[in-house]
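Participant: Sequence:
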Amino acid sequence: MKCSDILENLFLSLPLVTDHHAPGSQLYNLFKHVARKEIEGLFSDMESQSIGFQPFGELVFPYHKMGAVDSLNLFDLDELIIFSFYWKNRTRYRKVLDIGANLGLHSILLRKCGYEVSCYEPDPRHFEILKDNLALNHISDVEAFNKAVSTQKGEGEFVRVLGNTTGSHLVGAKSNPYGELKRFSVQMEGFHEIITDVDLIKMDIEGHEKEVLLNTAYEDWKNMDVLVEIENADNAAAIYEHFTRLGIRLFAQKKNWLEVHTVDEMPTSYREGTLFVSMKSEMPW
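In the numbering used here, the protein residues as written are 1 to 285.
Each hint should be verified, as a subset may be incorrect.
Below, in silico cross-link-like pairs of lysine-lysine (DSS-like), each with a Cα-Cα straight-line distance of 30 Å or less [what the hints assert, rightly or not]: (1) K255 - K280; (2) K210 - K131; (3) K147 - K95; (4) K254 - K210; (5) K2 - K32.
Ranges of calculated distance between the beta carbons of each label pair, as one might list FRET restraints [stated by the list, open to error]: (6) E8 - V69: 38 to 44 Å; (7) C3 - A233: 26 to 32 Å; (8) E8 - G247: 24 to 30 Å.
Hint data in this document are derived by calculation from the structure and do not stem from the laboratory.
No residue lacks a Cβ here, since even glycine has one placed at the ideal position from N, Cα and C.
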(Lines of atoms letter the chains of each structure in order from A; the text may use other names.)
(Lines give C-alpha, C1' and ligand atoms only; values in the text may rest on other atoms or scores of the structure.)
Protein backbone atom coordinates (compact mmCIF):
# COMPACT_ATOMS: atom_id res chain seq x y z
CA MET A 1 0.00 0.00 0.00
CA LYS A 2 1.29 3.43 -0.93
CA CYS A 3 1.69 5.93 1.91
CA SER A 4 3.65 9.03 2.85
CA ASP A 5 5.56 9.50 6.09
CA ILE A 6 6.12 13.10 5.00
CA LEU A 7 2.37 13.83 4.92
CA GLU A 8 1.81 12.13 8.26
CA ASN A 9 4.52 14.24 9.86
CA LEU A 10 3.10 17.33 8.16
CA PHE A 11 -0.37 16.72 9.61
CA LEU A 12 1.04 16.27 13.09
CA SER A 13 3.36 19.28 12.78
CA LEU A 14 0.92 21.84 11.35
CA PRO A 15 -0.75 22.57 14.72
CA LEU A 16 2.70 23.37 16.12
CA VAL A 17 3.55 25.99 13.49
CA THR A 18 0.36 28.04 13.22
CA ASP A 19 2.41 31.23 13.03
CA HIS A 20 3.37 30.10 9.51
CA HIS A 21 -0.12 29.23 8.20
CA ALA A 22 -0.63 32.52 6.38
CA PRO A 23 -0.59 31.93 2.61
CA GLY A 24 2.62 33.16 1.05
CA SER A 25 4.92 32.82 4.04
CA GLN A 26 8.24 31.12 3.38
CA LEU A 27 7.44 28.01 5.39
CA TYR A 28 3.90 27.87 3.95
CA ASN A 29 5.32 27.85 0.43
CA LEU A 30 7.73 25.06 1.36
CA PHE A 31 4.95 22.97 2.89
CA LYS A 32 2.77 23.60 -0.17
CA HIS A 33 5.46 22.44 -2.58
CA VAL A 34 6.37 19.34 -0.59
CA ALA A 35 2.75 18.35 0.02
CA ARG A 36 1.84 18.71 -3.65
CA LYS A 37 4.59 16.31 -4.68
CA GLU A 38 3.42 13.75 -2.13
CA ILE A 39 -0.24 14.09 -3.12
CA GLU A 40 0.56 13.66 -6.82
CA GLY A 41 2.35 10.42 -5.99
CA LEU A 42 -0.59 9.06 -4.02
CA PHE A 43 -3.82 10.23 -5.63
CA SER A 44 -3.20 10.59 -9.39
CA ASP A 45 -4.69 7.20 -10.26
CA MET A 46 -8.28 6.88 -11.52
CA GLU A 47 -8.41 3.34 -10.11
CA SER A 48 -9.81 2.73 -6.64
CA GLN A 49 -6.98 1.80 -4.31
CA SER A 50 -6.35 2.15 -0.60
CA ILE A 51 -3.72 4.72 0.32
CA GLY A 52 -2.12 5.02 3.73
CA PHE A 53 -3.17 8.52 4.79
CA GLN A 54 -2.01 8.72 8.36
CA PRO A 55 -3.02 9.71 10.96
CA PHE A 56 -6.51 9.26 9.45
CA GLY A 57 -5.99 5.65 8.34
CA GLU A 58 -6.59 4.23 4.88
CA LEU A 59 -8.16 6.48 2.24
CA VAL A 60 -9.64 5.56 -1.15
CA PHE A 61 -10.01 8.66 -3.32
CA PRO A 62 -9.79 8.07 -7.10
CA TYR A 63 -8.68 10.84 -9.43
CA HIS A 64 -11.39 12.97 -11.10
CA LYS A 65 -11.26 15.94 -13.45
CA MET A 66 -13.48 18.91 -12.62
CA GLY A 67 -12.81 21.14 -15.60
CA ALA A 68 -9.56 23.07 -15.30
CA VAL A 69 -8.99 21.71 -11.79
CA ASP A 70 -8.99 18.16 -10.50
CA SER A 71 -9.31 16.12 -7.34
CA LEU A 72 -5.64 16.72 -6.49
CA ASN A 73 -6.57 20.34 -5.78
CA LEU A 74 -8.79 19.10 -2.97
CA PHE A 75 -5.54 18.26 -1.15
CA ASP A 76 -4.02 21.75 -1.48
CA LEU A 77 -2.19 22.98 1.62
CA ASP A 78 -5.08 25.11 2.90
CA GLU A 79 -7.21 21.96 2.92
CA LEU A 80 -4.47 19.97 4.66
CA ILE A 81 -4.36 22.65 7.36
CA ILE A 82 -8.09 22.20 7.93
CA PHE A 83 -7.67 18.42 7.99
CA SER A 84 -5.03 18.81 10.69
CA PHE A 85 -7.48 20.99 12.64
CA TYR A 86 -10.07 18.21 12.43
CA TRP A 87 -7.58 15.70 13.78
CA LYS A 88 -6.30 18.00 16.52
CA ASN A 89 -9.84 18.71 17.76
CA ARG A 90 -11.36 15.26 17.38
CA THR A 91 -12.24 15.15 21.10
CA ARG A 92 -13.47 18.77 21.24
CA TYR A 93 -16.26 18.64 18.67
CA ARG A 94 -18.86 15.93 18.12
CA LYS A 95 -21.39 16.76 15.41
CA VAL A 96 -20.15 18.35 12.17
CA LEU A 97 -21.75 19.70 9.00
CA ASP A 98 -19.89 19.71 5.68
CA ILE A 99 -21.72 22.34 3.61
CA GLY A 100 -20.49 22.39 0.04
CA ALA A 101 -19.08 18.89 0.27
CA ASN A 102 -17.84 18.56 -3.34
CA LEU A 103 -16.53 14.99 -3.79
CA GLY A 104 -16.72 14.18 -0.08
CA LEU A 105 -13.09 14.35 1.03
CA HIS A 106 -13.77 16.48 4.11
CA SER A 107 -16.71 14.28 5.12
CA ILE A 108 -14.63 11.12 4.79
CA LEU A 109 -11.77 12.47 6.90
CA LEU A 110 -14.15 13.96 9.46
CA ARG A 111 -15.76 10.56 9.89
CA LYS A 112 -12.35 8.92 10.20
CA CYS A 113 -11.68 11.35 13.07
CA GLY A 114 -14.78 9.99 14.81
CA TYR A 115 -17.19 12.87 14.23
CA GLU A 116 -20.90 12.48 13.51
CA VAL A 117 -21.13 13.96 9.99
CA SER A 118 -23.85 15.27 7.68
CA CYS A 119 -22.95 16.75 4.30
CA TYR A 120 -24.65 18.83 1.62
CA GLU A 121 -23.68 19.00 -2.05
CA PRO A 122 -26.09 20.48 -4.64
CA ASP A 123 -24.38 19.43 -7.89
CA PRO A 124 -25.76 15.99 -8.83
CA ARG A 125 -22.55 15.03 -10.66
CA HIS A 126 -20.41 15.78 -7.64
CA PHE A 127 -22.96 14.14 -5.37
CA GLU A 128 -22.81 10.83 -7.26
CA ILE A 129 -19.02 10.79 -6.92
CA LEU A 130 -19.37 11.76 -3.25
CA LYS A 131 -21.64 8.77 -2.62
CA ASP A 132 -19.23 6.49 -4.49
CA ASN A 133 -16.31 7.79 -2.42
CA LEU A 134 -18.18 7.19 0.83
CA ALA A 135 -18.90 3.62 -0.28
CA LEU A 136 -15.30 3.02 -1.38
CA ASN A 137 -14.22 4.00 2.14
CA HIS A 138 -16.85 1.72 3.73
CA ILE A 139 -18.60 4.71 5.31
CA SER A 140 -22.34 4.17 5.63
CA ASP A 141 -23.16 6.47 8.55
CA VAL A 142 -22.51 9.89 6.97
CA GLU A 143 -25.83 11.53 6.10
CA ALA A 144 -25.41 12.90 2.56
CA PHE A 145 -27.92 15.27 0.96
CA ASN A 146 -28.04 16.35 -2.69
CA LYS A 147 -29.08 19.85 -1.66
CA ALA A 148 -27.80 23.39 -1.37
CA VAL A 149 -27.97 25.23 1.95
CA SER A 150 -29.49 28.69 2.09
CA THR A 151 -31.43 30.92 4.46
CA GLN A 152 -34.62 28.93 3.99
CA LYS A 153 -35.91 25.65 2.63
CA GLY A 154 -37.15 25.60 -0.96
CA GLU A 155 -35.99 25.41 -4.56
CA GLY A 156 -33.24 27.50 -6.13
CA GLU A 157 -31.40 27.90 -9.41
CA PHE A 158 -27.88 26.51 -9.55
CA VAL A 159 -25.10 27.44 -11.97
CA ARG A 160 -22.62 24.75 -12.95
CA VAL A 161 -19.36 26.31 -14.16
CA LEU A 162 -18.25 23.72 -16.71
CA GLY A 163 -14.67 24.98 -16.85
CA ASN A 164 -14.27 24.59 -13.07
CA THR A 165 -17.09 22.75 -11.35
CA THR A 166 -15.62 23.53 -7.93
CA GLY A 167 -16.81 27.10 -8.60
CA SER A 168 -20.45 26.16 -9.28
CA HIS A 169 -22.91 28.16 -7.20
CA LEU A 170 -26.44 29.34 -6.54
CA VAL A 171 -27.63 32.04 -8.94
CA GLY A 172 -26.65 35.47 -7.62
CA ALA A 173 -23.81 34.26 -5.41
CA LYS A 174 -21.21 35.39 -7.98
CA SER A 175 -21.55 38.56 -10.02
CA ASN A 176 -19.62 37.47 -13.12
CA PRO A 177 -19.45 33.69 -13.55
CA TYR A 178 -17.03 32.80 -16.32
CA GLY A 179 -16.97 30.40 -19.24
CA GLU A 180 -19.62 27.91 -20.29
CA LEU A 181 -22.44 27.62 -17.78
CA LYS A 182 -25.32 25.24 -17.20
CA ARG A 183 -28.30 26.27 -15.06
CA PHE A 184 -30.74 23.93 -13.33
CA SER A 185 -32.98 23.75 -10.28
CA VAL A 186 -31.79 22.34 -6.95
CA GLN A 187 -33.42 21.71 -3.61
CA MET A 188 -32.31 23.97 -0.77
CA GLU A 189 -32.28 23.27 2.96
CA GLY A 190 -32.66 26.08 5.47
CA PHE A 191 -29.53 26.68 7.55
CA HIS A 192 -31.37 27.00 10.84
CA GLU A 193 -33.18 23.73 10.23
CA ILE A 194 -29.94 21.71 10.11
CA ILE A 195 -27.74 23.17 12.87
CA THR A 196 -29.43 21.64 15.93
CA ASP A 197 -26.72 20.25 18.24
CA VAL A 198 -24.04 20.95 15.59
CA ASP A 199 -20.80 22.25 17.09
CA LEU A 200 -18.57 22.57 13.99
CA ILE A 201 -19.33 23.50 10.38
CA LYS A 202 -17.09 23.54 7.34
CA MET A 203 -18.72 25.90 4.81
CA ASP A 204 -17.57 26.35 1.22
CA ILE A 205 -20.57 27.60 -0.74
CA GLU A 206 -19.02 29.82 -3.40
CA GLY A 207 -20.30 33.28 -2.50
CA HIS A 208 -23.55 32.34 -0.76
CA GLU A 209 -21.81 32.41 2.63
CA LYS A 210 -22.78 36.06 3.09
CA GLU A 211 -26.52 35.39 2.90
CA VAL A 212 -26.30 32.41 5.23
CA LEU A 213 -24.03 33.95 7.86
CA LEU A 214 -25.80 37.31 7.93
CA ASN A 215 -28.98 35.44 8.78
CA THR A 216 -27.50 34.18 12.07
CA ALA A 217 -28.04 35.64 15.54
CA TYR A 218 -25.87 35.70 18.66
CA GLU A 219 -27.66 32.69 20.14
CA ASP A 220 -26.68 30.52 17.17
CA TRP A 221 -23.02 30.78 18.11
CA LYS A 222 -23.11 29.71 21.75
CA ASN A 223 -21.99 26.16 20.94
CA MET A 224 -21.04 26.34 17.27
CA ASP A 225 -17.88 27.21 15.32
CA VAL A 226 -17.56 27.63 11.55
CA LEU A 227 -14.66 27.29 9.14
CA VAL A 228 -15.69 29.28 6.05
CA GLU A 229 -14.23 30.37 2.73
CA ILE A 230 -15.01 33.99 1.78
CA GLU A 231 -15.71 34.71 -1.89
CA ASN A 232 -14.91 38.42 -2.29
CA ALA A 233 -14.29 41.77 -0.60
CA ASP A 234 -17.98 42.71 -0.47
CA ASN A 235 -18.82 39.50 1.36
CA ALA A 236 -15.85 40.00 3.68
CA ALA A 237 -16.99 43.51 4.63
CA ALA A 238 -20.60 42.47 5.25
CA ILE A 239 -19.58 39.44 7.32
CA TYR A 240 -17.10 41.50 9.34
CA GLU A 241 -19.73 44.14 10.11
CA HIS A 242 -22.33 41.53 11.07
CA PHE A 243 -20.15 39.63 13.51
CA THR A 244 -18.59 42.76 14.96
CA ARG A 245 -22.10 43.97 15.75
CA LEU A 246 -23.00 40.60 17.30
CA GLY A 247 -19.80 40.40 19.33
CA ILE A 248 -18.69 37.13 17.70
CA ARG A 249 -14.96 36.69 17.11
CA LEU A 250 -13.31 36.11 13.74
CA PHE A 251 -9.90 34.47 13.26
CA ALA A 252 -8.18 34.56 9.87
CA GLN A 253 -5.65 32.17 8.39
CA LYS A 254 -4.07 35.17 6.62
CA LYS A 255 -3.23 36.45 10.14
CA ASN A 256 -1.92 33.06 11.25
CA TRP A 257 -5.29 32.53 12.98
CA LEU A 258 -5.07 35.66 15.13
CA GLU A 259 -8.27 37.59 15.76
CA VAL A 260 -9.49 39.97 13.07
CA HIS A 261 -9.82 43.56 14.31
CA THR A 262 -10.34 45.49 11.06
CA VAL A 263 -12.09 44.73 7.79
CA ASP A 264 -8.72 44.89 6.02
CA GLU A 265 -7.65 41.80 7.95
CA MET A 266 -10.50 39.74 6.48
CA PRO A 267 -9.81 37.19 3.73
CA THR A 268 -11.32 38.30 0.42
CA SER A 269 -10.91 35.09 -1.61
CA TYR A 270 -9.86 31.46 -1.26
CA ARG A 271 -6.29 32.56 -1.99
CA GLU A 272 -6.14 34.22 1.45
CA GLY A 273 -7.23 31.13 3.34
CA THR A 274 -10.03 30.26 5.72
CA LEU A 275 -11.97 32.29 8.30
CA PHE A 276 -12.83 30.78 11.70
CA VAL A 277 -16.01 32.14 13.33
CA SER A 278 -16.44 31.46 17.04
CA MET A 279 -17.26 32.76 20.51
CA LYS A 280 -13.99 31.23 21.72
CA SER A 281 -11.22 33.55 22.86
CA GLU A 282 -8.79 31.91 20.44
CA MET A 283 -8.78 29.27 17.74
CA PRO A 284 -8.17 25.87 19.39
CA TRP A 285 -4.90 24.75 17.87
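Participant: For each hint, tell me whether it holds in the structure or not.
Facilitator: Here is what the structure says about each hint:
Pair hint K255 plus K280 holds up; C-alpha atoms about 17 Å apart against a cutoff of 30 Å. Between K210 and K131 the CA atoms are separated by roughly 28 Å; this keeps the pair inside 30 Å, and the hint holds. Among the hinted pairs, K147 with K95 is consistent with the structure: their alpha-carbon atoms are about 19 Å apart, no more than 30 Å. Taking the CA atoms of K254 and K210, the gap is near 19 Å; set against the 30 Å cutoff, the hint holds.
Note on K2 and K32: the hinted pairing holds, with a Cα-Cα distance of about 20 Å set against a maximum of 30 Å. Distance hint check for E8 and V69: the Cβ-Cβ separation is about 25 Å, which falls outside the suggested range of 38 to 44 Å. For C3 and A233, the Cβ-Cβ distance of about 41 Å falls outside the hinted range of 26 to 32 Å, so the restraint is violated. For E8 and G247, the Cβ-Cβ distance of about 39 Å falls outside the hinted range of 24 to 30 Å, so the restraint is violated.
In this structure, the earlier hints numbered 6, 7, 8 are contradicted, and the remaining ones agree with it.
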